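Colleague: Okay, here's what each chain looks like letter by letter:
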Amino acid sequence: MTGLDLTVVEIVLRSAAVLAAFLVLPLLVGQMEHKVMGHMQGRLGPMYAGGFHGWAQLVADGVKFIQKEDLTPAAADRRLFRIAPALALVPYLVAMAVVPVHPGWVAADVPASALFVLVASGVSILGMLVAGWASANKYSLIGGMRSAAQLLAYELPLVLAVASVCLAAGTLSLTGIIDAWSPVWLLWQLPAALVFLVAAVAELNRPPFDMPIADAEIVMGPFTEYGGLRFAFFLLAEYAGIVLFSVLFAVLFLGGWRGPAPAWTGWLWTLLKALPVAFLIIWMRVAWPRLREDQLQRLAWLGLVPVALGQLALTAVVVVAL
Amino acid sequence: MTSLDLLFAAFGLVAVLAGLLAVTTTRVVHAAMWLVVALGSLAGCFLVLGAEFIALVQVLIYVGAIVVLVLFALMLTRSPVGPQREVSVGPRRRVLAAGVGAAAAGLLLAVLVPVATVLPERTVTSTETMARDLFGIWVWPFELLSLLLLTALVAAFAVSRMDSPAEGARAADVAAAPGDPERGLP
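Keeping their order, the protein sequence lines are chains C and E. With the first letter of the first sequence counted as 1, position 15 gets the number 15 in this note's numbering; the numbers rise by one all the way through. With the first letter of the second sequence counted as 1, position 176 gets the number 176 in this note's numbering; the numbers rise by one all the way through.
Simulated from the structure, these hints should not be mistaken for laboratory data. The structure displayed is predicted, hence computed values, not measured ones. Only true hints are included.
Example chain C residues on the side facing chain E (calculated, C-beta under 8 angstroms, incomplete):
| id | residue |
| --- | --- |
| 1 | Ala112 |
| 2 | Leu115 |
| 3 | Leu126 |
| 4 | Met145 |
| 5 | Glu155 |
C-beta: ideal position from N, C-alpha, C; glycine also.
Start from the sequences, fold in the hints, and give me the full structure.
Modeller: What follows is the structure, given as structure tokens:
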């Protein structure tokens, strides 16, 4: 197994690099969301903090979150209530360690990294469920239940879409998938790509799949009782999730670091490919109304799962035939 | 005693402790969370033994799906914050359960400890090797198991969609309007 032959310094450096990416990229996505949403809705978004087009708005938000009181409701299950934000956030940090961004640039090159990322995102949802239950609030509980139902419905198409790509590449390693990628995949794996994108947005509980947190009817669902830094952790988890799934989309379906340019621009290509995906996820939030719970389940079980299964069969037939 | 052995022992210890807490706690949701810890530690054991794929699937299926299903069911039913005295059982059944658990553990130990005298070579099982064995040597048991799962799935759907006889009769009553000769009388 790799990873065991690294020196301590190397491990610390790699971890620090992942942590830095984990702290910077979600902020960039958050700022992009502020600005993109603002302009799509005919307004400017934040303009004052930091001077130039409100670039420091999220830093200001962070400072505000830190200053707030750390509240735990009297009726809540204290221990789980406090653990839940970490449970939602940490898996994404761990998952980011295995995503390759440049030839040879991956913090931990595990052999089954594609599966590893799925596992991490699955564990992260547990944080929302626990938050929903531990808050001892009926809106939170409803949100937690919706979240669980959504996770069970959308985890399957997500796994199937990734399985199709892994089957096409003949490996579970993300690095191996990039090596095996060819432009034909853009057409061949297109259904899987669409399924992956939709299921990823649903996993993140982003609009139009934000039934579990529906702020207008169940007051942010599992997050109702959260404030201050713990609430910020949930927000950070959401943005980290956008970053993770965007980069993962670029790696799985768009060939990651490959591009018509000198080899050293690899990481630039990864970012260039991931950025439009993140933009698309933000765009979906502005463009579509929230799906009702039954529509949400119908889309997953009658739409995405059959498409993903069909794609899997197609991939298998092509792999065996060629 | 290598560092891997130590890791294995640590994961095993955590798994056992979390398992004990899962069955002794009086808070149902806490039991589910201890189950997460136990299953995660078991995945750690698999990882130390070099079975990466099994470890990941263990977390993906058990923590990512089974425990989520358990939590979902708990949220649908009564699961108040705080201890639930009514779910805990009397001392007689506790002793009985502990006895059965100890007997099962003893049986496993009796079988496994004699085998464990020689330290086996620790090999990393690659996913390819596992897939080749699974779909080569073990392909018939594998297919049989998937058939079993499929049957259970279809049966579960059938059970959940089946009306109870009383409800069915009432529905027939409503449907068979008087003067409708084709429907007949129930």
